[in-house]
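Chain by chain, the residues:
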Amino acid sequence: MRMKTVLLTAAASAAMAVTGWAQEPVKIGMITTLSGPAGYLGQDIRDGFQLAIDAEGDKLGGVPVTLMVEDDGLKPGNGRQIADRFLNNEGVKLFTGIVFSNVAGATVPDIVDGEAIYVSPNAAPSNMAGKGCHENYFVVSWQNDSLHESAGQNATNLGYKSAFVLAPNYQAGKDAISGFKRFFKGEIVGEVYTRLDQTDFAAEMAQIRDAKPEVVFQFHPGGLGITFMRQYQQAGLLDAVPMVVAEPSMDGVILNAVGEAAIGVNVSSHWNSDFDNEANKAFVAAWQKAYDRPLTYYASQGYDAARVIASALKATGGDIEDLDAFRDALRKADFQSVRGTFAFGPNQHPVQDWYALKVVAGEDGKPVLKTGDRILENHSDAYAAECKL
Amino acid sequence: MTLFLEQMLNGLQFGVMLFLMAAGLTLIFGIMGIINLAHGSIYMVGAYAGTLVIGQTGSFLLGILAALGAAAVTGVVMEMVVIRRLYRRDHLDQVLATFAIILILNQLVTILFGRQPLFVPMPPLLEGSVELLPGLVYPVYRLSIILVGLLVAAGLYLLINRTRIGMLVRAGSTNRDMVRALGVDIRMLYTLVFGLGALLAGLAGLMAGPILAVQVGMGEQILITTFVVVVIGGVGSIRGAFFASLIIGVVDTMLRAYLPGLLRQVMVGSEADALGAGISSMGIYLLMALVLLVRPKGLFAADS
Numbered sequence: 001m002r003m004k005t006v007l008l009t010a011a012a013s014a015a016m017a018v019t020g021w022a023q024e025p026v027k028i029g030m031i032t033t034l035s036g037p038a039g040y041l042g043q044d045i046r047d048g049f050q051l052a053i054d055a056e057g058d059k060l061g062g063v064p065v066t067l068m069v070e071d072d073g074l075k076p077g078n079g080r081q082i083a084d085r086f087l088n089n090e091g092v093k094l095f096t097g098i099v100f101s102n103v104a105g106a107t108v109p110d111i112v113d114g115e116a117i118y119v120s121p122n123a124a125p126s127n128m129a130g131k132g133c134h135e136n137y138f139v140v141s142w143q144n145d146s147l148h149e150s151a152g153q154n155a156t157n158l159g160y161k162s163a164f165v166l167a168p169n170y171q172a173g174k175d176a177i178s179g180f181k182r183f184f185k186g187e188i189v190g191e192v193y194t195r196l197d198q199t200d201f202a203a204e205m206a207q208i209r210d211a212k213p214e215v216v217f218q219f220h221p222g223g224l225g226i227t228f229m230r231q232y233q234q235a236g237l238l239d240a241v242p243m244v245v246a247e248p249s250m251d252g253v254i255l256n257a258v259g260e261a262a263i264g265v266n267v268s269s270h271w272n273s274d275f276d277n278e279a280n281k282a283f284v285a286a287w288q289k290a291y292d293r294p295l296t297y298y299a300s301q302g303y304d305a306a307r308v309i310a311s312a313l314k315a316t317g318g319d320i321e322d323l324d325a326f327r328d329a330l331r332k333a334d335f336q337s338v339r340g341t342f343a344f345g346p347n348q349h350p351v352q353d354w355y356a357l358k359v360v361a362g363e364d365g366k367p368v369l370k371t372g373d374r375i376l377e378n379h380s381d382a383y384a385a386e387c388k389l
Numbered sequence: 001m002t003l004f005l006e007q008m009l010n011g012l013q014f015g016v017m018l019f020l021m022a023a024g025l026t027l028i029f030g031i032m033g034i035i036n037l038a039h040g041s042i043y044m045v046g047a048y049a050g051t052l053v054i055g056q057t058g059s060f061l062l063g064i065l066a067a068l069g070a071a072a073v074t075g076v077v078m079e080m081v082v083i084r085r086l087y088r089r090d091h092l093d094q095v096l097a098t099f100a101i102i103l104i105l106n107q108l109v110t111i112l113f114g115r116q117p118l119f120v121p122m123p124p125l126l127e128g129s130v131e132l133l134p135g136l137v138y139p140v141y142r143l144s145i146i147l148v149g150l151l152v153a154a155g156l157y158l159l160i161n162r163t164r165i166g167m168l169v170r171a172g173s174t175n176r177d178m179v180r181a182l183g184v185d186i187r188m189l190y191t192l193v194f195g196l197g198a199l200l201a202g203l204a205g206l207m208a209g210p211i212l213a214v215q216v217g218m219g220e221q222i223l224i225t226t227f228v229v230v231v232i233g234g235v236g237s238i239r240g241a242f243f244a245s246l247i248i249g250v251v252d253t254m255l256r257a258y259l260p261g262l263l264r265q266v267m268v269g270s271e272a273d274a275l276g277a278g279i280s281s282m283g284i285y286l287l288m289a290l291v292l293l294v295r296p297k298g299l300f301a302a303d304s
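Here the protein sequences come in this chain order: A and B. Residue 4 in full-length UniProt numbering sits at position 4 of the first sequence, and the numbers go up by one each step. Residue 90 in full-length UniProt numbering sits at position 90 of the second sequence, and the numbers go up by one each step.
Isolated chain B, as found in the complex (with noise of 0.2 Å):
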């Protein structure tokens, strides 16, 4: 019962790092139309930007500080420098531009600082463990990034929802043009919400240091899987990828903990081991694709 426990929460744990990408890309997706493969590089400079920071100051709230301005900077001169001339091409001209960007940035890294992954070292006051129940022992660390992405996923459920910007940035995922008609700036709206996905994803970037490895390519790595929370969400939907995140990080969590262990009822040991891998790793595409069937926008698609 424990170890489900702790698998509950190493789900949910994912799943809040999944929303913080997640938010980001849904927004900038569904209010501006671009599909921007380069937010994992965004995420990626957040978690170096950290990384120098702390390595040179040995504090973690500059670190934070220094992630959150890197990647914003770099969100909003990506925007204006490059994304700002995509809104009126057609997807694949998106995706190139983007996925040059991935280059040109991993490039950079890699000159900037080589191949060789960094250390971030846990900030001392999120070190070790807590017992949470009798025999269920938790990292701080990990609590804390589910602590934080639940008030993120609470802040931005406020901003979008009570505030004047959260309403333009509502009526602009629904419909672009009338928003547009009726005079409002769009282009600065479109720089602060891509701003704000690119905070996100610099945060993202920062909290992923301690536990993963910083290095040149993370942010492809997770790329891939927020995609996917994007489209189970619906596009364009902040509560769409909130749910969606959570259901990827304790499905995916939950099938590589369990399946295996499942099919080894019916099956020879490590045949089992084998074919539970295989599957654990294509469920979460499964699972889109049958949501897809049920509800081609995804769950939570904004103009439903």
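Same shape as in the complex, but just chain A (with noise of 0.2 Å):
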């Protein structure tokens, strides 16, 4: 008698804390990249998703949430660490935010294995889209291949028959470039990695002016991209030899520290600035308003991550407890992208369209991204079909 009372009276506090829980607010974790030369790109991503809450007034899909911000500092261990606290002591559900793939790449397995959902707005692995996805982990931004697929196609398009190619030594540089090539019909001339933490490229920038390519394509993302721009206008290389890039190497911030010698730049990507719809419209409305700075497509993923997480949570009335429900309402990605059409491929990555962007002279003579021909359409990525969901 005694014991059922004890069992009775744990279930209905037990109860009691479940529905207690569903009126707070749903915390998300954000694991992200704030300081050193990248930090923009984590600070970018970390506000285009507050710009989506902060429009419905501290909610998504009219569910309150919280937003809890960690910097990884770009070590893959940081990451890990931080997941791990959210995970197990703020016992974090949702989580988002990862620049970098390195850092993915040992922070996703523990928290897609620990029973939560991750929604990645920029880096996206190879190794983690095929035989590796998994039914917790969905990417709003592209594969990381499919990013520089369009680079390639861009490059055969653009009738170019030998090219260089760079970019540095880890998972998304190594994508990158295989990326490149699985759409680049012509010849590769020169291959080279760099380091994720380099500064100067006097060396890579000999090795090109003594290849003599038709054209360059590397992937810098960061820091990296404007030095390497920066350092490759000096060399004297602008002029001589055209460059294509994916929008990692050329985003607003880039593009604003390189100034006018960018223009000429043949960049590709799946979103940009002055894409004409109503979500992207009020979306750059939204960014001039609140900050002062150049809007990137990093802010746009964040953006776009944020709305799709606030669609499933609306389907789900805030209940993350169901992680089928979640996921399916989640899959379904019923939501106005800021880069127009989108959907979840079998691996759980966007299926989308590619354009080819130009850096031409805006109205006020500041160099712009001019959206171009589309480069593919309905675009997947390379391993989806390896993925068994």
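Check the hints yourself; a few may be wrong.
[What the hints assert, rightly or not] Each pair of labels, with its calculated beta carbon distance range: (1) A:Lys185 to B:Leu92: 56 to 66 Å; (2) A:Lys161 to B:Leu125: 34 to 44 Å; (3) A:Lys185 to B:Tyr157: 53 to 63 Å; (4) A:Glu187 to B:Gly114: 18 to 28 Å; (5) A:Lys131 to B:Gly278: 22 to 32 Å; (6) A:Gly77 to B:Leu108: 24 to 34 Å.
Since the hints were derived computationally from the structure, they do not count as laboratory data. The beta carbon of each residue, even a glycine, is placed where N, CA and C say it ideally should be.
Since each chain sits alone in its own frame, please combine them into the complex, following the hints.
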């Protein structure tokens, strides 16, 4: 009898705890890179995400949320520790934010194995897109390779016959080069892996000049990209060898820093600030109102990540204890993306269009990215077929 | 052949940049016994101060003055407020305190200037490239960095070997306690050495501006390599720092430029590139390990 009372009380208090919890805001753990030369990437993802929360008044999909942000400092070990703390001490069930694939590689497996959902606003390494895919792992940005497949296709479309390719020596760098090669029909006359903490590219510039390629493809995100572009210009190569890149090597900030010298560079992207759709217009206006700095595609991905999470929270009424229902709701991707068409493929990575952009002189003389033709339509990635979910 | 020469110049240029950082670090480490992790932050302060003034006034000369001034002031203040309390403490305390300075300065710069890298225009006089040999075109700015670095090295040589202060510095790096026992105002000497080190770091930061991006955390990127230089050269030895800087600069550049190509002779292309990139980024640390095996105190240890 006594035992029964104890059990009943326990059950009652557990029930109360559950209902009490349901009224609490949903915690969203954001692990991102805020310090160091690549700090602006995480900052933009965070601020883009926050923009979507602010638009609803501290809510996503009508559900109150708390955004908990921590800096991983571009160190995989840090990311992992933060994830561990969020999971075990804070009871966070919903994660996002990671910028770099090496941090993602160390952090995301713990999250998704810990019965929590991870929605990537940026990094999407190849090893987690195919055989290593996971039902709790969603990507709203792109798969790493496909980003650079668009650049490869762009270079082919532009008729270049030989290319020199460079990328940092880490997972996303390798994905970049294999992605570019997959869609570039010409010859690769040089392939160089740089360091993720490299600051001086003089040795690489000399190699490029020596190899005399028709075009250079390079992947250097954040501060690396600024340094690379400027040294490319200083070495006198910008006039001699044209460049085809994907968006990480020419985001809004890099463009701002490189200035007029960037005019003529060919970029490929899934989003640009001049996209003509309602969601994007609202986003660009909200950004310009809230922040006094260039808008990057990282911010658009943070914004989209928040909006897709909002769609799932709305459908489930903010209940993320029932993971099956939440995953089903997420998979529908029932939201208006700022990039236009968006759907999740079988490996829960995006299926979307890719566009050719070109750096041109804007109305006030400052260079801007202008959207041109579509390069790839409803493009998925090379690993989707290997994923068995 | 011209490619090889160009890579040599690149290595040299990287080397003299490292020297400007390492000279200060090795003096501070050798004479004061302080492990100063915040040396990279002074480099950053120099770069930001120079950038700001160049941006406001458009004058590169004023920028130089601002960078040197700001770096030296930061260094002296840092010495008087924090470092001075650490001379008698062990290295762990010093590492903790100077690491804290890194975090504080980084955050301060983030608050003041934001996380987005700043743009520094190249001084118009040093823009463009010159043809040194037929087919060997090299940017004027990088050549002038090499020149400035070598001039500073010569100046330091004269200062250390031909002046009274230099004599005290040499004496201090060999036997600190004896210098104090002889009645030299060691506190003054310490502040001076720290200020000089900071000045050189500021100069390096300013010169890096137009080539590299001026951004939060730029100091930590060069700091680790600088420590490798100090260890290889021998703690406290300016001569050691000079030669070790050039060795590291050239070795690092050459490995990056030629190792993947050499490996490609014996392996599949992409594997060779990945392995080559891996080994070349380890190269300077391997070199450090080798030097330490043969000469545990470094190539030019001050007290050997």
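Hint-by-hint comparison with the structure:
{"no.": "1", "hint": "A:Lys185 to B:Leu92: 56 to 66 Å", "verdict": "58 Å, holds"}
{"no.": "2", "hint": "A:Lys161 to B:Leu125: 34 to 44 Å", "verdict": "39 Å, holds"}
{"no.": "3", "hint": "A:Lys185 to B:Tyr157: 53 to 63 Å", "verdict": "57 Å, holds"}
{"no.": "4", "hint": "A:Glu187 to B:Gly114: 18 to 28 Å", "verdict": "42 Å, violated"}
{"no.": "5", "hint": "A:Lys131 to B:Gly278: 22 to 32 Å", "verdict": "25 Å, holds"}
{"no.": "6", "hint": "A:Gly77 to B:Leu108: 24 to 34 Å", "verdict": "26 Å, holds"}
Of the hints listed earlier, the one the structure fails to meet is number 4.
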